[in-house]
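K.L.:
Sequence:
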Amino acid sequence: MTVSVHTVVQLRSKEWRNAVPNFRALCIAASNATWQKIKTINGPCELSIVLANDEFIRKLNKKFRGENKPTNVLSFPAAMDKVNMGGDIPSLGDIVLALETVIAEAHENLSQHFSHLIVHGCLHLVGHDHLEEAEAVKMEALEVEILKTLNIKNPYV
1 MTVSVHTVVQ LRSKEWRNAV PNFRALCIAA SNATWQKIKT INGPCELSIV LANDEFIRKL
61 NKKFRGENKP TNVLSFPAAM DKVNMGGDIP SLGDIVLALE TVIAEAHENL SQHFSHLIVH
121 GCLHLVGHDH LEEAEAVKME ALEVEILKTL NIKNPYV
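For the sequence shown, position 140 (counting from the first letter as 1) is numbered 140 according to our numbering, and the numbering increases by one without interruption.
There may be inaccurate statements among the hints.
Said to hold, decoys possible - In silico DSSO-like cross-links for lysine-lysine, where the CA-CA straight-line distance does not exceed 30 Å:
1. LYS148 <-> LYS138
2. LYS14 <-> LYS62
3. LYS69 <-> LYS59
4. LYS138 <-> LYS39
5. LYS14 <-> LYS153
I should point out that these hints are in silico values taken from the structure, not numbers from a laboratory.
Work out the full structure: start from the sequences and follow the hints.
P.N.:
Put into structure tokens, the structure is as follows:
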């Protein structure tokens with residue numbers, strides 16, 4: 001089954017170009033691998049990925065989660081039952097990544113960590129979470145399966 005998700009990547013921090021030169025291709029590959037695995041997308045959709053810096057994501061984290069600190073990734077699912085706001089196809093939502101935090105966390109391979117966070121964010125957009133232990137185990141296992149299709153080793157070992 002082919003899934004039709006149009007991925008829009010927005011650079012809010014130009015430093016991403018140097019840190020992850022193939023960021024656009026990685027965003028598309030990681031998100032497509034996620035949609036292929038979960039098979040819950042029924043028709044054309046749009047995904048927005050915003051590549052920002054720590055300061056930008058800190059403000060979002062404070063506003064939406066009450067946490068006045070940067071984080072690696074935030075996901076903002078769209079209300080799928082609402083009318084699409086001005087686009088031709090419905091939006092799955094937005095994923096925002098913070099450059100400095102992502103770099104600091106990437107112990108071995110920045111591109112692989114980046115891809116992992118895109119997969120993680122995509123799963124949040126379709127309802128997966130890790131607030132409870134059972135949810136976390138299920139979500140991590142799904143991430144590992146998806147990452148394997150991208151030839152990325154298990155980040156949790």
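K.L.:
Is the straight-line distance between the alpha-carbon of LYS148 and that of LYS138 30 Å or less?
P.N.:
Holds: LYS148 and LYS138 sit about 16 Å apart, inside 30 Å.
K.L.:
Keeping to a limit of 30 Å between CA atoms, is the pair of LYS14 and LYS153 held or broken?
P.N.:
Holds, because 28 Å separates the two Cα atoms, which is no more than 30 Å.
K.L.:
Checking one constraint from the list: CA of LYS14 to CA of LYS62, max 30 Å. Satisfied?
P.N.:
Judged against 30 Å, a Cα distance of about 23 Å means the pair holds.
K.L.:
Would you check the hint for LYS138 and LYS39, treating anything up to 30 Å between C-alpha atoms as holding?
P.N.:
holds (16 Å)
K.L.:
Is LYS69 within 30 Å of LYS59, Cα to Cα?
P.N.:
holds (8 Å)
In this structure, none of the earlier numbered hints is contradicted; all agree with it.
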